[in-house]
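**Student:** Here is how the chains run, residue by residue.
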Amino acid sequence: MASDPPALGLYGLRKRFGRTVAVDGIDLEIPAGSFYGLLGPNGAGKTTTLSMATGLLTPDAGVVVVNGVDLWKNPAIAKPMLGVLPDGLRTFDRLTGSELISYAGILRGLDPDVVRERRDDLLAALDLAAAGGTLVTDFSAGMAKKIGLACALIHAPRVLVLDEPFEAVDPVSATGIRNILQSFVASGGTVVISSHVMALVERLCDRVAIIGAGRVLAEGTLDEVRGDGDLEARFVALVGDTTEQRDLTWLQQS
Amino acid sequence: MVAAILSLRWRILVNQFQRDWWRLVFVAIGAIWSISIVPALVVGSSALSRTSYDVKQGALVALAALLGLAWVLVPLLATGVDDSLDPTRFAPWGIDAKRLMPGLTIAAFTTVPAILFVAVAATMAVSWRGEDRQATVLVVAFIGALLTVMTWVFSARVATLWAVRLLTTRATKGIVGASAAVAGAVVAAAIVRVRADGLASLLQNEIATALTQVGRTPIGAGLAAPASIVVGDEWGAVWRLAIVAVWAVVLHFAWRDAVSYVLVHPTARGAGVRRNRDAILTAGRRTGRVWSRIRPVTKAVLVRTARSWRTDPRYVTQLVGALVFPVMVGGLILSFAGGSQVWMAALPVALGVTIGWGRHNDLAFDSSGSWLDIVSGVRGADILVGRLLGVVLWAGPALVAASIAAAGLAGRWDVFPAVAATSLGTLGMALGVASITSVLMPYRVPAPGESPFGADAGSIGASLAGQLVSSLGTGVVVPFIVAPLVCAFVWGGAWWPVAIVWGPLVGGVIAWWGTSLGGRWYDARSGRLLGAVA
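Here the protein sequences line up with chains A and B, keeping their order. First residue of the first sequence? That's 0 in numbering that gives the first Met the number 0, and the numbers climb one at a time after it. First residue of the second sequence? That's 0 in numbering that gives the first Met the number 0, and the numbers climb one at a time after it.
Please keep in mind that the hints were generated in silico from the structure rather than gathered at the bench. Quick reminder that beta carbons are idealized off the backbone N, C-alpha and C, glycines included. Warning: the hint list may mix true and false statements.
Restraint-style ranges between C-beta atoms, simulated for each label pair [said to hold, decoys possible]: (1) B/Arg519 <-> A/Asp246: 52 to 62 Å; (2) A/Arg13 <-> B/Leu467: 27 to 37 Å; (3) B/Pro91 <-> A/Arg13: 29 to 39 Å; (4) B/Leu504 <-> A/Asp26: 51 to 61 Å; (5) B/Leu23 <-> A/Ile179: 45 to 55 Å; (6) A/Val20 <-> B/Pro91: 28 to 38 Å.
Computed, partial: chain A to chain B, Cβ under 10 Å [as the list claims (entries may be wrong)]: (7) Tyr10; (8) Trp71; (9) Pro74; (10) Ala75; (11) Pro79; (12) Met197; (13) Ala232.
Calculated lysine to any residue pairs in the SDA-like style (CA-CA distance at most 25 Å, straight line) [as the list claims (entries may be wrong)]: (14) A/Lys72 <-> B/Arg378; (15) A/Lys72 <-> B/Gly530; (16) A/Lys72 <-> B/Arg519; (17) A/Lys72 <-> B/Arg527; (18) A/Lys72 <-> B/Gly526; (19) A/Lys72 <-> B/Leu516; (20) B/Lys97 <-> B/Leu262; (21) A/Lys72 <-> B/Thr110; (22) A/Lys72 <-> B/Lys97; (23) A/Lys72 <-> B/Leu262; (24) B/Lys97 <-> B/Thr110; (25) A/Lys72 <-> B/Asp522; (26) A/Lys72 <-> A/Ala60; (27) A/Lys72 <-> B/Ser515.
Model the full structure from these sequences, guided by the hints.
**Tutor:** This is the structure in structure tokens:
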């Protein structure tokens, strides 16, 4: 019997912007039901990779497969299986929080009554009930992140791709989000997150990949990647180069 | 600080051209256009120099009033102005307005329009040669011209910063409504006067009196001052130059005050508005003959777009510009065309074209919010139709109102149905063309929260290319829609009913075709669209 296809498969992904190579041949297979962490320093190509993996950016080369469906050849079948939270992108900020979630639900083809029910659930679960009537333009960065997450969840996708989902989110809300994501994975869903926070990745993820200069430097289960040490030490060993770090003596106060 | 700001501006330009060298081509075209008007200016100045001093004074005051108005309105009504030195960009650095102003002031005079208009004003000053006491007259003329240009440059900056401030308050709706009411009252009054006295007599009597008065205000006094020397009234020249100088100082203070305000007040927040009704869901549940025919996604996009047109400062400025600019230009043309009926009918038709043409970069205004549409896998055509309907919602009634005004001005109520129908047709046609160009040639616009009057420093060349192509596309199709109306005015008879049917029919077909084709390209290019606009 053939094994199940990966929830998200990236094969030979490449992207170049002018003379800069952002992604230089990335191959990753993210198993269904896994909580997957994508790590990398700033400018490593994480966001570019996730953009290509979710249909936001056309790759120069390579294939993206969602549960066995080629995303770029059959977007109408593959996209409904994905829930996406991009990082650093704005949204339709003249809608209220409630309206934005409803908008996302309607775009996903849900019935208005279903949308209303799920919208209210999401607002309560993400501690946004009080902010439902506020325009998104007046949201703080953390609230905008949470409303983005609600938009990604509303159609109950099979795979969640979340770029820096905990950035700017307060600890109480972060706990709530962690619980939602962990129970989603426990029920068979797949979560892919990118993050710089090693402790968070170690706590949540069962598999990780470390990306540097647009390539995969290490990939596997959490234990396989971190080896005997902790994840941060492994990460720094793979991508960091602190030997040349300058001592900013002029910054010292005494 | 002056050197730092000037070198910053220079560095931004150099980096921009190194990144996209082809933008130099468009800058070169702009420079060639600027140089090409020099001969016309010289000829105008030379012709003016042979007229009597009072004719010269009237003409120059009229020119000063028109150009002064243009300097205030163009940056407000036309987006795409280079905002690389937008004062809000200096906010994070903790520099106060007092230290910024000298650099910003000098930089304001290094732009192409400022240099061009200094040349224009200087050329006009030369037209005072040949008068008695030539040396004194020319010195006064040059001082007056330079002071006048200073007031133009400063007033443009003050108008933009104040407008941003007004548009981001709760009072936006009131301000836009009051402006529309005032504009409507002015048009209605103009109709009544033109119908009563005729345009020729109005121009002869009222305008001449008005010009004399404007020559005593800071708007025209700078260019009127040399005439005082010619008639031996030295004090007249002195006080005229003095009020322009004082006005320039007042404007500069107002500019500095506005800069220090924006440094600590980020723009385009929602002014604390709360809405308890979910308009997206309400629209989704709405039934009825028209609503039930619209696809749910299109309805949601329509509601979202309509909200933006009402509340987003970037859209509100586009809306006001789309309505006011053509009416102003049309009014100017009409004042020379002598109130002929044909030209009256052209106004709403042209308005339909310009409103539609103005949407040629429509998708970019969604900026990075488009990611939600793209990851949801929605059909591009549904998005484009929703956005198009969001425009029709306000532009349709505006065109009908303009047609009523035009019919009233011409005194020909019988032409109203055909003019209104044709203008709606040109709107549909231009929106159809815009649906295609906004997918094929998008360029960056101010993101939500940025000044609505600016452009991304790197987008100037791309915007010119997009505007050129959409102008060509629109220009090719316009005659096709307008032809029956023209025939109706020339031959009358059966052409009138033909024009009533033809405009909406063909406009509708082109709108449908444009959104279908644009939608297919949207689907095919969705992975590239975000990179182009976000």
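**Student:** Determine for every hint whether it applies to the structure shown.
**Tutor:** Checked hints:
Range check, B/Arg519 to A/Asp246: Cβ separation about 59 Å, and the 52 to 62 Å hint holds. Checked against the hint of 27 to 37 Å, the C-beta distance between A/Arg13 and B/Leu467 comes to roughly 34 Å, which is consistent with it. As the Cβ distance of B/Pro91 to A/Arg13 is approximately 36 Å, the hint placing it in 29 to 39 Å holds. For B/Leu504 paired with A/Asp26, a C-beta distance near 55 Å keeps the hint of 51 to 61 Å intact.
For the pair B/Leu23 and A/Ile179, the supplied restraint of 45 to 55 Å holds, since their beta-carbon distance comes to about 52 Å. A C-beta distance of roughly 31 Å is found between A/Val20 and B/Pro91, which places it inside the suggested range of 28 to 38 Å. Checking A/Tyr10 against chain B: minimum C-beta separation of about 17 Å lies over 10 Å; hint violated. Hint status for A/Trp71: holds, given a least beta-carbon distance of 7 Å to chain B, under 10 Å.
Annotation: interface hint on A/Pro74 holds; nearest CB of chain B at approximately 5 Å, less than 10 Å. For A/Ala75, the interface hint holds, since its Cβ comes within 10 Å of a Cβ in chain B; the closest pair sits about 6 Å apart. About 6 Å separates the beta-carbon of A/Pro79 from the nearest beta-carbon of chain B, less than 10 Å, and the hint is met. Annotation: A/Met197 was flagged as interfacial toward chain B, and the flag is violated, the nearest CB pair being 28 Å apart, outside 10 Å.
Contact between A/Ala232 and chain B, as hinted, is not supported at the beta carbon level, the nearest pair being about 35 Å apart and thus beyond 10 Å. For a cut-off of 25 Å, the pair hint linking A/Lys72 to B/Arg378 stands: about 15 Å separates their Cα positions. Note on A/Lys72 and B/Gly530: the hinted pairing holds, with a Cα-Cα distance of about 20 Å set against a maximum of 25 Å. A C-alpha spacing of about 15 Å is found between A/Lys72 and B/Arg519, which places the hinted pair at or below 25 Å, so the restraint holds.
The hinted pair formed by A/Lys72 and B/Arg527 meets the criterion: a straight-line CA distance of about 15 Å does not exceed 25 Å. The suggested pairing of A/Lys72 with B/Gly526 holds, with an alpha-carbon distance near 12 Å, which does not exceed 25 Å. Taking the CA atoms of A/Lys72 and B/Leu516, the gap is about 20 Å. The hint holds against a cut of 25 Å. Straight-line distance between C-alpha atoms of B/Lys97 and B/Leu262 comes to about 12 Å, which keeps the hinted pair within the 25 Å bound.
At roughly 48 Å between alpha-carbon atoms, A/Lys72 and B/Thr110 are farther apart than 25 Å, so this suggested pair is violated. Proximity of A/Lys72 to B/Lys97 is assessed by CA-CA distance (about 58 Å); at most 25 Å being required, the pair is judged violated. For the proposed pair A/Lys72 and B/Leu262, the alpha carbon gap of about 48 Å is over 25 Å, so the pair is violated. For the hint linking B/Lys97 to B/Thr110, the alpha-carbon distance of about 21 Å falls within 25 Å, and the restraint holds.
The suggested pairing of A/Lys72 with B/Asp522 holds, with an alpha-carbon distance near 11 Å, which does not exceed 25 Å. In summary, the hint linking A/Lys72 to A/Ala60 is supported, as the alpha carbons are separated by about 13 Å, within the 25 Å threshold. Between A/Lys72 and B/Ser515, the direct Cα distance comes to roughly 20 Å. Compliance with the 25 Å bound is thereby established for this hinted pair.
Comparing the model with each numbered hint stated earlier shows that hints 7, 12, 13, 21, 22, 23 do not hold.
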